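Single-letter residue listing:
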Amino acid sequence: MSTLRKPSVFVPAVLFALLLALPGVASEYVIHLSVLVLMYAYLATAWNILGGYAGQHSLGHSLFLGVGAYTSTFLFVQMGVTPWLGMWLGAILAGVVGWFVGYLCFRYGIKGPYFALVTIALAEAAVYITSNASFIGGARGLEVTWLGSRPDLMQFNSKSGYYYIILVMTALAIILTKWCSQRGFGFRLVAVRENEDAAEALGVNTLRTKIQASVLSAALTALGGSFFAQYFTYIGPKNVFGEVPSVQILLFAIIGGLGTVWGPALGALILVPVAELARGWLGGSFSGAHLLLYGTVLVVVMLFMPKGIIGLLGRIRLRPVRRRQARVEDDVT
Amino acid sequence: MIFSTTLLAQALVSGTLIGGVFALIAVGLTLIWGVMRIINFAHGEFLMIGMYIAYFLVATGHWNPYLTIFVTVPALFLFGVVIFRTIIHPILKYPAMNQIMLTLGLSLILQNLALVIFKADVLTVQTPYSRLTIPLGEVIVRVPQAIAFAGSGVAAVVLWLFLQRTDTGRAIRAASQNRDAAMLMGIDVERTFLLAFGIGSACLGVAASLMVPFYYTSPTVGLFFGLIAFVVVVLGGMGNFLGALVAGLIIGLTEAVGAALLPGTLARVLTFGIFTLALLFRPQGIFGGRQQ
Amino acid sequence: MSLLEISRLTKHFGGLTAVNDLSFSLDQGEILGLIGPNGAGKTTVFNLVSGFIPPSSGTVTFDGRSVTNLRPHQICQLGLTRTFQVVQPFPDMTVLENVMIGAFVRHGRPAEAENKAREVLKRVALDHKAATPGRSLTLLELKRLEIGKALATEPRLLLLDEVASGLNMVEVEDVLALVRQLNREGITFLIVEHVMKVIMSLCRRIIVLDFGKKIGEGTPQHVSRDQAVLEAYLGEEEYLA
Chain A
81 MSTLRKPSVF
91 VPAVLFALLL
101 ALPGVASEYV
111 IHLSVLVLMY
121 AYLATAWNIL
131 GGYAGQHSLG
141 HSLFLGVGAY
151 TSTFLFVQMG
161 VTPWLGMWLG
171 AILAGVVGWF
181 VGYLCFRYGI
191 KGPYFALVTI
201 ALAEAAVYIT
211 SNASFIGGAR
221 GLEVTWLGSR
231 PDLMQFNSKS
241 GYYYIILVMT
251 ALAIILTKWC
261 SQRGFGFRLV
271 AVRENEDAAE
281 ALGVNTLRTK
291 IQASVLSAAL
301 TALGGSFFAQ
311 YFTYIGPKNV
321 FGEVPSVQIL
331 LFAIIGGLGT
341 VWGPALGALI
351 LVPVAELARG
361 WLGGSFSGAH
371 LLLYGTVLVV
381 VMLFMPKGII
391 GLLGRIRLRP
401 VRRRQARVED
411 DVT
Chain B
7 MIFSTTLLAQ
17 ALVSGTLIGG
27 VFALIAVGLT
37 LIWGVMRIIN
47 FAHGEFLMIG
57 MYIAYFLVAT
67 GHWNPYLTIF
77 VTVPALFLFG
87 VVIFRTIIHP
97 ILKYPAMNQI
107 MLTLGLSLIL
117 QNLALVIFKA
127 DVLTVQTPYS
137 RLTIPLGEVI
147 VRVPQAIAFA
157 GSGVAAVVLW
167 LFLQRTDTGR
177 AIRAASQNRD
187 AAMLMGIDVE
197 RTFLLAFGIG
207 SACLGVAASL
217 MVPFYYTSPT
227 VGLFFGLIAF
237 VVVVLGGMGN
247 FLGALVAGLI
257 IGLTEAVGAA
267 LLPGTLARVL
277 TFGIFTLALL
287 FRPQGIFGGR
297 QQ
Chain C
70 MSLLEISRLT
80 KHFGGLTAVN
90 DLSFSLDQGE
100 ILGLIGPNGA
110 GKTTVFNLVS
120 GFIPPSSGTV
130 TFDGRSVTNL
140 RPHQICQLGL
150 TRTFQVVQPF
160 PDMTVLENVM
170 IGAFVRHGRP
180 AEAENKAREV
190 LKRVALDHKA
200 ATPGRSLTLL
210 ELKRLEIGKA
220 LATEPRLLLL
230 DEVASGLNMV
240 EVEDVLALVR
250 QLNREGITFL
260 IVEHVMKVIM
270 SLCRRIIVLD
280 FGKKIGEGTP
290 QHVSRDQAVL
300 EAYLGEEEYL
310 A
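Protein chains in written order, with our numbering: chain A, 81 to 413; chain B, 7 to 298; chain C, 70 to 310.
These are calculated hints, taken from the structure and not from any lab test. Predicted, not measured: the structure shown is a model, and the values here were computed from it. Every residue, glycine too, gets a C-beta built ideally from N, C-alpha and C. Honestly, I wouldn't trust all of these hints.
[Claimed, not checked] Each computed DSS-like pair below joins lysine-lysine, with the alpha-carbon atoms no more than 27 Å apart:
(1) C:Lys282 - A:Lys258
(2) A:Lys387 - A:Lys191
(3) A:Lys239 - A:Lys318
(4) C:Lys282 - C:Lys266
(5) C:Lys266 - C:Lys191
(6) A:Lys387 - C:Lys198
(7) B:Lys125 - A:Lys318
(8) A:Lys86 - C:Lys266
[Stated by the list, open to error] Computed Cβ-Cβ distance ranges for the label pairs, DEER-style:
(9) A:Phe96 - B:Lys99: 36 to 46 Å
(10) C:Thr207 - B:Met189: 20 to 30 Å
(11) B:Tyr222 - A:Pro353: 30 to 40 Å
(12) A:Pro92 - B:Thr130: 33 to 43 Å
(13) A:Val110 - B:Val122: 51 to 61 Å
(14) A:Gly192 - C:Gly84: 22 to 32 Å
(15) B:Thr130 - A:Ala219: 18 to 28 Å
(16) B:Thr130 - A:Phe312: 25 to 35 Å
(17) C:Lys282 - B:Met189: 33 to 43 Å
(18) A:Gly360 - C:Val155: 51 to 61 Å
(19) A:Phe312 - C:Thr207: 54 to 64 Å
Bound conformation, chain A alone:
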């Protein structure tokens, strides 16, 4: 069957085409909602490479989001560098940070809950550092100077400009995930996640694999951070480095299905509109409505559908694990 006719190519292609047409028929609000869905789908997909495929659950991914957002915004506001360029610089910087975090943690065997804690601590530290750094706005944050409709500076008068950008970014991220999953790299990620000792014994450089996942995930997230900054036109320590973005992006990946190509996007698609509705409905009186929702969903899903929605659809069962799996060092025979 020619590539184009395979259902796994055909269906997404049609979907993409339909989504391209969306701004023509939808209201400004729907487009805004779609931007949000796509942005979180993108960020969750980026997170999924490290958290889902490699199985290293970062609870502080906002660190990379913030690096991307601050880099491109700072370069733009202070030096007039267009975000189209700034975003790549942000991605490179985030990649370096991702390398450090990965190397430090994985080289010294920090994993599981300890890794989660380190990532939280790092993201929190970033909040405090940026709050005290007046050259990047301190606690007040940075505003993206509005110069009117300037596509060359990633600024648009209507939402559809942003929409197209994030649509393409998300599509590319998903394609990248799919592509990786079918190559040695993807296999190695999953092998590391499923059984690190066995992977190592079979010639997989588990340290390098995990670091690669960290770098890739960080860089992709940072690109999303730059978009975040451009779309909301304001960034501050708490709203890019804080707990909320970290939790959101991992939440969507988990709800949708960890370690799957479409899971994170699915999770975002289902939850973001609901959250926005909740926020709109209860909004004025209660700004935390969507967080309450996220918390509840997380608890419910962990209790009843630990493998996420895709797990429900598929035949995947979560295998109950004995708390202490026999590790190589335990066998003192």
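Given the coordinates of chain A, work out where chains B and C should sit on it, guided by the hints.
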């Protein structure tokens, strides 16, 4: 960076006192996470609940803040037991990630429920003790903090005695070291863990009552203390109570001295730095708790 | 020159000496058995040789090259692969994918790795289970998978850790036949076993360990009559058939 010995001495004193409270908050987590390996990311939110209870008893009921312990401790014990039974216990057979996500979700729920019910207001209450100070040379010792420090010490000792000297305490320690062996010896592991979780949560009741005279109450107060608790437990060595106490003091001192010496709120970064370094280079903690 | 040379290998765990000044060598094409009572240090030797734990002292030389402080994946890439006593499949991957991980060592492209994996599955008689997830296999199938994964790395030396444990007589014969066949094709084996039938019928040379020290070395016949060996196994007589 203004350096003066008085400032430093003051920081040392304040740091030690608050360190005692950190230690108490962490001791409950040492029991839950260090000993039972249950990851409760909502630990800080339990404290928050305790603080709201204590606050309202004092502000509206005009209770003596230290008497609120008689309410906060049983309330949090009960709350811990219920939470454990309903949502944590089913999750224990799954990988640790699920516990993390579940309790993370729980912490979000609790924080935002508090936000709905109590709004984002930062609540403080004046008690007869709140303004008392004792001069110690050039340094001021604030009475509420000192009482909290003393109270934490007492609570920690009581807890330690409980674990070392009572049958239930021994059962908890046995069950957490080797669940199967404990079961074979007739220990009802499920009930033991339930109790231990309740007790660990109850510790927060003590901390909450002790803190209300000098610390504010708000829906997000648990974020910081929860994270600090994890830092302290790791630094002290998982499951090591003495380590948690010492580590609590170290972190308290770091925060206070850091705040005195570093500009702005950068002291917090120091704390996280120590935490990360500890994890990297001495994961067994200061005293070497149980291995990971 | 021998394929594997262990020289004065020692490992302390705190106060416990798990492996004590162990030396032996293994020639290309041999099937060498490593036996000893429980706790003798056999799996520790495997962990040391395959790079999972660093020795306290001593060296491991593979094919003339020092591998003493290399990481497991590097040692595997050089041609020395180990299996695990407690089988370690990748539970959520299919049998085919499990073996492909091993195949990726020598074949970078997924298509090639897949071909190699399918070949290996035929060798270990698991090709009919190619699409089954790792967690749904029987013990014998898991053992075959364990060997299959290792085979896919195209090893020159294969370390088998108690591959026969938990299998019945017929299944053990199965595994024996496979090992013999692979040996005929040029793979060298170092085998840790408790099931004496396997050791006696496969190995022309055996090394006996007790408390981390070598207490006997020789042919099966020689070793089974050795006084020191018999004493070490006292109380475990049922093992010496």
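Status of each hint after checking the structure:
1. At roughly 52 Å between alpha-carbon atoms, lysine 282 of chain C and lysine 258 of chain A are farther apart than 27 Å, so this suggested pair is violated.
2. Taking the CA atoms of lysine 387 of chain A and lysine 191 of chain A, the gap is near 20 Å; set against the 27 Å cutoff, the hint holds.
3. As the CA atoms of lysine 239 of chain A and lysine 318 of chain A are separated by approximately 25 Å, the hinted pair is consistent with the 27 Å bound.
4. Distance hint between lysine 282 of chain C and lysine 266 of chain C is fulfilled; the C-alpha atoms sit about 23 Å from each other, no more than 27 Å.
5. Between lysine 266 of chain C and lysine 191 of chain C, the direct Cα distance comes to roughly 26 Å. Compliance with the 27 Å bound is thereby established for this hinted pair.
6. For the hint pairing lysine 387 of chain A with lysine 198 of chain C, the CA-to-CA distance comes to about 24 Å; that is within 27 Å, so the pair holds.
7. Between lysine 125 of chain B and lysine 318 of chain A the alpha-carbon distance is near 19 Å, which keeps this suggested pair within the 27 Å criterion.
8. Taken as a hint, the lysine 86 of chain A and lysine 266 of chain C pair is broken in the structure, with Cα atoms around 53 Å apart against an allowance of 27 Å.
9. For phenylalanine 96 of chain A and lysine 99 of chain B, the hinted distance range of 36 to 46 Å is satisfied, since their beta carbons lie about 41 Å from each other.
10. For threonine 207 of chain C and methionine 189 of chain B, the Cβ-Cβ distance of about 28 Å falls inside the hinted range of 20 to 30 Å, so the restraint holds.
11. Distance hint check: the CB atoms of tyrosine 222 of chain B and proline 353 of chain A are about 36 Å apart, consistent with the given range 30 to 40 Å.
12. Remark: the range hint 33 to 43 Å for proline 92 of chain A to threonine 130 of chain B is contradicted by a beta-carbon distance near 55 Å.
13. The hinted window of 51 to 61 Å between valine 110 of chain A and valine 122 of chain B is violated, with their beta carbons roughly 28 Å apart.
14. Checking the proposed 22 to 32 Å range against glycine 192 of chain A and glycine 84 of chain C shows it holds: the Cβ atoms sit about 29 Å from each other.
15. Checked against the hint of 18 to 28 Å, the pair threonine 130 of chain B and alanine 219 of chain A passes, with Cβ atoms roughly 22 Å apart.
16. Threonine 130 of chain B and phenylalanine 312 of chain A have their C-beta atoms about 34 Å apart, which keeps the hinted 25 to 35 Å range intact.
17. Checked against the given bound of 33 to 43 Å, the beta carbons of lysine 282 of chain C and methionine 189 of chain B, roughly 37 Å apart, stay inside it.
18. Distance hint check for glycine 360 of chain A and valine 155 of chain C: the Cβ-Cβ separation is about 54 Å, which falls inside the suggested range of 51 to 61 Å.
19. For phenylalanine 312 of chain A and threonine 207 of chain C, the Cβ-Cβ distance of about 56 Å falls inside the hinted range of 54 to 64 Å, so the restraint holds.
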